[in-house]
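Using this note's numbering, read the sequence shown as starting at 17 and increasing by one per residue.
Worth flagging that the hints you see were computed from the coordinates, not collected in a lab. All residues carry an ideal CB built from backbone N, CA and C; glycine is no exception. Do not take every clue at face value.
Said to hold, decoys possible - Pair ranges (Cβ atoms, derived): (1) Asp78 x Gly107: 33 to 43 Å; (2) Asn141 x Val71: 35 to 45 Å; (3) Glu108 x Glu23: 14 to 24 Å; (4) Pro21 x His101: 32 to 42 Å; (5) Gly107 x His76: 34 to 44 Å; (6) Thr131 x Asp78: 33 to 43 Å.
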Amino acid sequence: MSMSPNELLLDTEIFPDYGHIELSNRDERDIPEGSSADGPVAFTAHTVDVFTMSVDQAVHNDQDVRVRIYRGTDGSSLGAMVFDHNIEFTGEPRLAVYQPLADADEGEEIPIERTGPVRIQIFINPPQDAEEVNVLIRYDL
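Please construct the entire structure, taking both the sequences and the accompanying hints into account.
Printed below as a string of structure tokens:
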């Protein structure tokens, strides 16, 4: 029985205000241009908006979006990949997850091992109206 190559760093629930959640370099948070009509994510060099189930769906199901952040190499069981790019980390490098429009101190965050570009892969489940967002930090790439 082999151990999973991924280590769970954060497991939280975020209300999908405006039908998305936000992942960001905490110190360089900005607002990506784009909407769910353009695809499953909108992003800048520092911030990714992941489009999820709607507010109506979240309220109707009495359910938030479950967000898990892993460090590792294996995305095979994490869902449909919607993002595979570097995010630039500066200063005290921390990856934070937010409800959109939340104040900077309202996010949940984890430390990143280095500054500069870090490859981040994001997976959603199900592929439409996502209820789960899985983030894989790929220090190997």
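Comparing the hints with the structure gives:
1. Take Asp78 and Gly107: their Cβ atoms lie about 38 Å apart, and the range 33 to 43 Å holds.
2. One distance hint, 35 to 45 Å for the beta-carbon pair Asn141 and Val71, is violated here, with the actual separation near 19 Å.
3. Under the hint 14 to 24 Å, the C-beta atoms of Glu108 and Glu23, about 21 Å apart, fit the expected range.
4. Look at Pro21 against His101: about 21 Å separates their beta carbons, and that is not inside 32 to 42 Å.
5. At about 40 Å, the beta-carbon gap between Gly107 and His76 stays in the expected band of 34 to 44 Å.
6. In this structure the hint that Thr131 and Asp78 lie 33 to 43 Å apart at CB holds, the actual value being about 40 Å.
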